[in-house]
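Colleague: Spelled out from the first residue to the last, the chains are:
Number of protein chains: 2
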Amino acid sequence: MVIIDPWSTKSLDKYEHAFEKFGLGRFPEGYRKNLDHYLFKRGIVIAHRGFDKVYERILSKKPFINMTGIASSGKFHLGHKLDVDIFNFFASKGAKNYFSIADIDAYASRPNINSIKEAKELAVNTLSHVLALGLTKKDVYIQSNKEPTYYTFAMEVSKKITGNMFKAVYGHLDMGKIVANLLQYADILHPQLEEYEGKMPSVTGIGLDQDPHAKLTRDIAKRLPYDLELPGFIYFIHQKGLKETGKMSSSDPDTSIFLDDDLGSIKMKINKAFSGGRASLKEHRELGGIPENDRAYEILLFHHPNTKFVEGIYHDYKSGNLSTGELKGICADFLIRMLKLHQSKLKRTEKAARKIVYS
Amino acid sequence: MVIIDPWSTKSLDKYEHAFEKFGLGRFPEGYRKNLDHYLFKRGIVIAHRGFDKVYERILSKKPFINMTGIASSGKFHLGHKLDVDIFNFFASKGAKNYFSIADIDAYASRPNINSIKEAKELAVNTLSHVLALGLTKKDVYIQSNKEPTYYTFAMEVSKKITGNMFKAVYGHLDMGKIVANLLQYADILHPQLEEYEGKMPSVTGIGLDQDPHAKLTRDIAKRLPYDLELPGFIYFIHQKGLKETGKMSSSDPDTSIFLDDDLGSIKMKINKAFSGGRASLKEHRELGGIPENDRAYEILLFHHPNTKFVEGIYHDYKSGNLSTGELKGICADFLIRMLKLHQSKLKRTEKAARKIVYS
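Going down the list, the sequences are from chains X and C.
Read in order, the letters of the first sequence correspond to residues 2 to 360 in our numbering.
Read in order, the letters of the second sequence correspond to residues 2 to 360 in our numbering.
Among the hints, a few may not be true.
Repeated chains share a single entry, so a pair holds when one copy, or any two copies, can fit it.
[Stated by the list, open to error] Heads up, simulated DSS-like pairs for lysine-lysine below, C-alpha to C-alpha not over 30 Å straight-line: (1) K178 to K348; (2) K161 to K216; (3) K139 to K352; (4) K62 to K15; (5) K54 to K248; (6) K118 to K54; (7) K356 to K34; (8) K216 to K118; (9) K223 to K248; (10) K223 to K118; (11) K62 to K118; (12) K283 to K76; (13) K63 to K168; (14) K42 to K161; (15) K283 to K216; (16) K178 to K346; (17) K244 to K168; (18) K15 to K42; (19) K76 to K200; (20) K118 to K200; (21) K309 to K352; (22) K161 to K248; (23) K244 to K161; (24) K97 to K244; (25) K248 to K62; (26) K248 to K76; (27) K273 to K356.
Hint data in this document are derived by calculation from the structure and do not stem from the laboratory.
Just so you know, these numbers come straight off a predicted model, no measurement behind them.
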């Protein structure tokens, strides 16, 4: 009897077209084995561009730049948590940490935020979650609170891209989004300026669809009058929204679990979530469940820290031993435990976050 | 016998088309008489947009915002001096002073500056001249050295204009120039933020051709989520280059007097300058000179502080009593005296400027 390995790269064949389209290589098996975090083990990190130097630095315990950011545009959901989880992993490997609370970016690129003032309030919320997830004040910065060097650098970048290049990558020439992107290039590259760490390999986690942006950022790095390593990127597979179609969205509460969701609402949300299962329990027992379709399973896959446990769930569900209802129950219990702990920290971190944003 | 008043608004008829084109009003005669600076008296300030509130504040000795800037793109010439002269006048009237050394702007908008590093060195030069002309450290700021509030505000503006609006006013969508303009809007409007002076009338001196930019800045002021006075503008007539055609240019030494020109070169430069005069001295005596065409006269008109003296020159030249050669001699002597004094200050101010730019 062959035991199916749920983390096999076989399950990633559906991403092959994306690899081909973007010219990306799969995340190497060797890296996956040597990096001790479930996001690697479970194949959630599926590809990379220029991550090799960071990988070598992790093995040889040398510093590297750990850079990511969240556009603080609304409620903090499980998708955001993923970015913090991987950031925390790299931080534990002795990285130089740069976590951007991207409030100017959020304002400039989102139609629903009408002023920097609003964006700063949203930044307080995002930062309070980020701190509750274990980051410290010195790991983070607020875009609207940075040093002149950072802004000047963002503006220096403007001369290294043309309107045509921008339009080719992003499909538009929206003024706000131009500014948002200039800040993103600066976020990713500024830690290598001499005022910060100097030339050093860096890693930033992004979605596959953001690869054109990553490539442009690497092109820009070559054109700037500074000696910079090309920034490295790792690519996540996409955690779906709770509904059958569509992604997690801060503006639709039914699409995602938010980390400040009322604990009493979690069971209902998970019960309503898409499972893509069989027509009846009888069929489920006979044919087995389809974990790949089931959002409750996906939540465990992306967020439950115990890989053996998730592997067990996968097999029990696939074999039909575990029912959809039971799976939903396990998922809801896990989430309630996790969010209860998280929310117990939020009051304190909200205070700290407010102080940081308005400092 | 009718004495021609060289400062009569009659001589400005040639600008009538510009007034009509831009919908600008002439600078009122009453303002001209009450503002005790030769740039007003001599009609060099010929129009305004929304200057009334500042005018009233000057008369009632209330504060107002005095805002201008120089893109530090190269050598400092007489055209730049004009901006500093009018700024000094408003400063003497109790204004809140905001003089921008626009180094990021210069970098982002000029093809010949290849890095922020280069732009900062040019800023040292520009600032040393500005300080030698009497401004103090607290009157000026370097764009690349400002507070986060300023940059954040510049980026906030990005969402209040569309690519189409930008293209309509400037004729292009150059990424560097977009950034340069965002900074210019911020330069003009940020002094009215609560972190600075709060809502207050402001004045900025510009050329007539920059009026579409001024109008767009006023439009932006209306669309921002802050309570702002519409910024006021005064418009200068254009000081021509030393050659028959073309304007003063930092890249062509024969087009202008630079404030750090070798004193020994001044006589030659003025002798070579366009005079647009008569075919012979005999004709000059008979028909009179044409001060309106003569660059030596224009230098005195724009820069000699004694209005009675300049008026005398005008009449003597027009009547033919004063020869072109004599006029050139008077102009060269005046410039050499002025530049000698200026250059004696430059060594000290260069040191101060370097400290300010790299602080």
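Colleague: Each hint needs a verdict: does it hold in this structure or not?
Modeller: For each hint, the structure was consulted:
Proximity of K178 to K348 under the C-alpha cut-off of 30 Å is found in neither arrangement, the shortest distances being 33 Å within a copy and 44 Å between copies. Taking the shortest Cα distances, K161 and K216 sit within 30 Å of each other both inside one copy (14 Å) and across copies (29 Å). In this assembly of identical chains, K139 and K352 lie within 30 Å of each other by CA distance solely inside one copy; the values are 16 Å within and 36 Å between copies. Taking the shortest Cα distances, K62 and K15 never come within 30 Å of each other, neither inside one copy (35 Å) nor across copies (74 Å).
In this assembly of identical chains, the alpha carbons of K54 and K248 never lie at most 30 Å apart, being 33 Å within a copy and 53 Å across copies at closest. For the homomeric pair K118 and K54, the shortest alpha-carbon distance between copies (29 Å) is at most 30 Å, but the shortest distance inside one copy (40 Å) is not. Taking the shortest alpha-carbon separations for K356 and K34, neither the intra-copy value of 40 Å nor the inter-copy value of 53 Å comes in at or below 30 Å. When the C-alpha separation of K216 and K118 is checked against a cutoff of 30 Å, the pair qualifies only between copies, where the shortest distance is 26 Å, while the shortest distance within a copy is 32 Å.
With identical chains, the CA atoms of K223 and K248 are never at most 30 Å apart, being 34 Å at best within one copy and 37 Å at best between copies. For a Cα distance limit of 30 Å, the shortest separation of K223 from K118 across copies, 17 Å, qualifies, whereas the shortest one inside one copy, 35 Å, does not. Within a single copy, K62 and K118 get their C-alpha atoms no closer than 41 Å, and across copies no closer than 34 Å, so neither meets the 30 Å cut-off. In this homomeric assembly, K283 and K76 never come within 30 Å of each other (Cα to Cα): the closest approach is 39 Å inside a single copy and 85 Å across copies.
In this assembly of identical chains, K63 and K168 lie within 30 Å of each other by CA distance neither inside one copy nor across copies; the values are 38 Å within and 49 Å between. Taking the closest pair of Cα atoms, K42 and K161 never come within 30 Å of each other, the shortest separation being 38 Å inside a single copy and 46 Å across copies. Neither within a single protomer nor between protomers do K283 and K216 lie at most 30 Å apart by alpha-carbon distance, with minima of 50 Å and 73 Å respectively. For a Cα distance limit of 30 Å, the shortest separation of K178 from K346 qualifies neither inside one copy, at 34 Å, nor across copies, at 46 Å.
Neither within a single protomer nor between protomers do K244 and K168 lie at most 30 Å apart by alpha-carbon distance, with minima of 32 Å and 42 Å respectively. When the C-alpha separation of K15 and K42 is checked against a cutoff of 30 Å, the pair qualifies only within one copy, where the shortest distance is 18 Å, while the shortest distance between copies is 77 Å. Neither within a single protomer nor between protomers do K76 and K200 lie at most 30 Å apart by alpha-carbon distance, with minima of 35 Å and 34 Å respectively. For the homomeric pair K118 and K200, the shortest alpha-carbon distance between copies (17 Å) is at most 30 Å, but the shortest distance inside one copy (35 Å) is not.
In the homo-oligomer, the alpha carbons of K309 and K352 never lie at most 30 Å apart, since the shortest distance is 37 Å inside one protomer and 67 Å across protomers. In this assembly of identical chains, K161 and K248 lie within 30 Å of each other by CA distance solely across copies; the values are 29 Å between and 33 Å within a copy. Taking identical chains as interchangeable, the C-alpha atoms of K244 and K161 are never at most 30 Å apart, the minima being 41 Å within one chain and 35 Å between chains. Taking the shortest alpha-carbon separations for K97 and K244, neither the intra-copy value of 38 Å nor the inter-copy value of 57 Å comes in at or below 30 Å.
Proximity of K248 and K62 under a CA criterion of 30 Å is satisfied in neither setting, with 37 Å inside one chain copy and 60 Å between copies. Proximity of K248 to K76 under the C-alpha cut-off of 30 Å is restricted to the intra-copy arrangement: shortest distance 14 Å within a copy versus 55 Å between copies. In this assembly of identical chains, K273 and K356 lie within 30 Å of each other by CA distance neither inside one copy nor across copies; the values are 38 Å within and 64 Å between.
Hints 1, 4, 5, 7, 9, 11, 12, 13, 14, 15, 16, 17, 19, 21, 23, 24, 25 and 27 from the earlier list are contradicted by this structure; the remaining hints agree with it.
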